[in-house]
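Enquirer: Protein chains in written order, with the working numbering: chain A, 57 to 413; chain B, 742 to 1061.
The hints are simulated quantities; they were obtained by calculation from the structure and are not laboratory data.
If you're wondering where the values come from, they're calculated on a predicted model, not measured in any experiment.
Each residue gets a CB set at the ideal place from its N, CA and C atoms; glycine is no exception.
Be aware that a few hints might be false.
[Said to hold, decoys possible] 30 Å max Cα-Cα, derived DSS-like pairs, lysine-lysine: (1) K855(B) - K948(B); (2) K977(B) - K266(A); (3) K174(A) - K903(B); (4) K766(B) - K174(A); (5) K747(B) - K266(A); (6) K266(A) - K940(B); (7) K266(A) - K1044(B); (8) K983(B) - K266(A); (9) K855(B) - K266(A); (10) K101(A) - K903(B); (11) K315(A) - K350(A); (12) K266(A) - K948(B).
[Unchecked claim] Chain B stretches covered by chain A per the calculated footprint, using a threshold of three residues with CB under 8 Å from any CB of chain A: (13) 837 to 844; (14) 938 to 950; (15) 1003 to 1014.
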Amino acid sequence: MTIQFNDETFRDDYSFHNSEWAINRFPFPFHEDSYMYSVNMEQHKGGPSGSIYENRFDVDEHYVSEMRDRAMVLADDPLRCQSLPHMTLAGWDLLELIMVSKSEDYPDLFELHRDGDKWRWVNKPMGIDDSFTFLDETTLPYGPMEYITRQAQGDFAVLDQRDDNLWMDAGMITTQADWSLDFDIGMNFFEWHAPVPLAHEKGIFIRALKFLLNIQQGSPARRLNWTMTVNPLLDTSPENYHKWGVQKTELTPENLGSKQHLRVELQTFFRLPRSNALVFPIRCYLCSFQDLMKMPKWGRRLHRVIRDLPEELATYKGFIDNRPMMLDYLSKFDDGLPTSPGIWPDKETEPPLQVGS
Amino acid sequence: MSGAEKIAVTVTDIVPLNDLVTRFKFERTDGGLMPTFSGGAHTVVEMQDGDITRLNPYSLMSDPMDQTAYTISVRRDDEGRGGSLFMHNNVKTGDEMVISYPVNLFSLDLRARKHLFLAGGIGITPFMAQIKQLERFNGNWELHYACRTEALGSYVDELTSKHPNEAHIYYDDQKQLIDLKNLLDGQPLGTHVYVCGPKGMIDWVRKTAEAEGWPREGIHYEEFLAPQPGKPFEVKLAVSNKVIQVGEHESLLEAIERAGVDAPYLCRGGACGQCETQVIDYSGNFIHRDHWLDDDEHNSGEKIMPCVSRFEGKTLVLDR
Chain A
57 MTIQFNDETF
67 RDDYSFHNSE
77 WAINRFPFPF
87 HEDSYMYSVN
97 MEQHKGGPSG
107 SIYENRFDVD
117 EHYVSEMRDR
127 AMVLADDPLR
137 CQSLPHMTLA
147 GWDLLELIMV
157 SKSEDYPDLF
167 ELHRDGDKWR
177 WVNKPMGIDD
187 SFTFLDETTL
197 PYGPMEYITR
207 QAQGDFAVLD
217 QRDDNLWMDA
227 GMITTQADWS
237 LDFDIGMNFF
247 EWHAPVPLAH
257 EKGIFIRALK
267 FLLNIQQGSP
277 ARRLNWTMTV
287 NPLLDTSPEN
297 YHKWGVQKTE
307 LTPENLGSKQ
317 HLRVELQTFF
327 RLPRSNALVF
337 PIRCYLCSFQ
347 DLMKMPKWGR
357 RLHRVIRDLP
367 EELATYKGFI
377 DNRPMMLDYL
387 SKFDDGLPTS
397 PGIWPDKETE
407 PPLQVGS
Chain B
742 MSGAEKIAVT
752 VTDIVPLNDL
762 VTRFKFERTD
772 GGLMPTFSGG
782 AHTVVEMQDG
792 DITRLNPYSL
802 MSDPMDQTAY
812 TISVRRDDEG
822 RGGSLFMHNN
832 VKTGDEMVIS
842 YPVNLFSLDL
852 RARKHLFLAG
862 GIGITPFMAQ
872 IKQLERFNGN
882 WELHYACRTE
892 ALGSYVDELT
902 SKHPNEAHIY
912 YDDQKQLIDL
922 KNLLDGQPLG
932 THVYVCGPKG
942 MIDWVRKTAE
952 AEGWPREGIH
962 YEEFLAPQPG
972 KPFEVKLAVS
982 NKVIQVGEHE
992 SLLEAIERAG
1002 VDAPYLCRGG
1012 ACGQCETQVI
1022 DYSGNFIHRD
1032 HWLDDDEHNS
1042 GEKIMPCVSR
1052 FEGKTLVLDR
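Generate the whole structure from the sequences, applying the supplied hints.
Expert: So this is what it looks like as structure tokens:
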């Protein structure tokens, strides 16, 4: 399949948009009509054809524009990409993993030619054709992690594993849901999760860490996480809160459908073979409420989830003030009919919205 | 299915090194490349020994960058339950076997300014891979390797000829001992110490290093326990609703697997924690042998590591 890449922006005039193809494959994160934290991990070994689960690293119509936005963020703030000195080998691991995966999964877009440690990488959508020596940093324009993550959608946290813990020792973080690599760099798993409410009491983090420490080569895992973003902003960082935080006050009942976006993260976890580090790609998908409402099941369910979400979570996810307005909008798409289990839209089988009910 | 991903391999070379140790080389049966790995990783080798499936972990000792083959070295244990004897007596060049993807529970701390390796006997094997990994990046390392005799000194010649300044060898029968206290004392700041060998050696190094004020994070060790034989006992598996007998020469984990119940595992040597199992009810005594649970957990009667630990008594009911 050939992907038509959008020419769009995630700032200023916000020309970001989802095609019908992208809406159909949007990773709606709620498998039932309510939501609570859980260690909702599963194996990351493919999925339905065309879904965001199919390939190890999903490439979609936003690829080229997202990479342009990342370059702009890095130009303004180089500290969004950092790698402590002992993480260089993990950076090469990540470069190898992404190049091998993309060239195998998207042979029409990416090529990798290897002759011993002489490698040639071709990225057709971005017009890149580079030859370099594997494990020799001097032959690349950036360090290996920065080089490859300037060409891969989503954020990448590269975690060192030692002392039965994980350490945030490298990363490329430009499309984050309000957290900062520059602040978290060097912290361990419990330290960087300290602000999350409710999950500690439920013992979630102890179990999640045990799971992650045991992720093995050849057995990657995945989960979905979500939050809310006003305007299709990729860079909702604490560093730039003064720019985007105020936009949450610009919602009106009239513009909410187009401005309010559900922000979903496909989080995957891969053991890196040469360094024994763990990479945690966090891929962000955005979809406006008005596009989500095209799926009757998602309309019904999103209303119920947002309505019943505990106050602490709505506060932590940053939309407590706008929740009443969101519910006014969403309630029009909930006719009270039951929903089918699972995250898929089930367009063929779910009944259309019963108007006037 | 439990355990790491599997690889179908063919045994392409078998080299006896001395009276006790033999080296085996595995290549992929489908002709493809092996996954790369990190120094210190092990693979679990499946052995079809008649009706018994044996699963034993062995450290990978080949160059982690070499994807054409893996090699392991197996020390024959005449008193053991038979895994190493099977490898020595039954495995022939050309045999097809199944091994697991690499799993690393003894990783290098790449922050270290220097890596100090202490090996005893067959404990040399993970260091063989770690040394090759560090050499690729001009890493700073030093090895102190104690063997029983010159004749049993696996890889001594290779190590001392390639690394005359880094490799130091000690022979027990010549009363050569590692001067550990002075060795630790003379290390530069930022050195990490790694020990792999018999239990007595690991305890000695950990205790000495701690007494010398080394930080806990700077002391790394790996000891795979082989499950020990013991008296047979009976176990009720509550979830699968089965009553099973654990034989004298099999582990509790093996008995669970033999009953057709899928139980999680990785190292099968009491180190990784993956097979931790909740005890629902018991009347009797646990024989805990793992490194995973702490003393309080061992005494609680609530958990058992079925890969190496056993039970003596009337009743044992597990949440499995």
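Enquirer: Next, verify each hint and record whether it holds.
Expert: Each hint, compared with the structure:
With a C-alpha separation of about 20 Å, the suggested pair K855(B) and K948(B) falls inside the 30 Å cut-off, and the hint holds. Restraint check for K977(B) and K266(A): satisfied, since their Cα atoms lie roughly 27 Å apart, inside the 30 Å limit. Only pairs whose Cα atoms come within 30 Å are accepted, and K174(A) paired with K903(B) is accepted, the gap being roughly 27 Å. With a CA separation close to 27 Å, the supplied pair K766(B) and K174(A) stays within the 30 Å bound.
Simply put, K747(B) and K266(A) have alpha-carbon atoms about 22 Å apart, close enough for the 30 Å limit, and the pair holds. The suggested pairing of K266(A) with K940(B) holds, with an alpha-carbon distance near 26 Å, which does not exceed 30 Å. Simply put, K266(A) and K1044(B) have alpha-carbon atoms about 16 Å apart, close enough for the 30 Å limit, and the pair holds. Distance restraint check for K983(B) and K266(A): the Cα-Cα separation of roughly 28 Å lies within the 30 Å cut-off, and the hinted pair is therefore satisfied.
At most 30 Å may separate the alpha-carbon atoms for a hinted pair to count; K855(B) and K266(A) meet this at roughly 29 Å. A hinted pair counts as satisfied when its Cα atoms are at most 30 Å apart, and K101(A) with K903(B) does not qualify at roughly 43 Å. For the hint pairing K315(A) with K350(A), the CA-to-CA distance comes to about 16 Å; that is within 30 Å, so the pair holds. Restraint check for K266(A) and K948(B): satisfied, since their Cα atoms lie roughly 27 Å apart, inside the 30 Å limit.
Coverage of the region 837 to 844 of chain B by chain A holds [criterion: at least 3 residues with CB-CB distance below 8 Å; count 3]. Only residues whose C-beta sits within less than 8 Å of a C-beta in chain A count toward coverage, and the region 938 to 950 of chain B has 0 of them, not enough to reach three; the restraint is violated. As drawn, the region 1003 to 1014 of chain B meets chain A at 3 residues by the rule of a beta-carbon pair under 8 Å; at three or more, the given contact holds.
The structure fails hints 10 and 14 (numbered hints given earlier, in ascending order).
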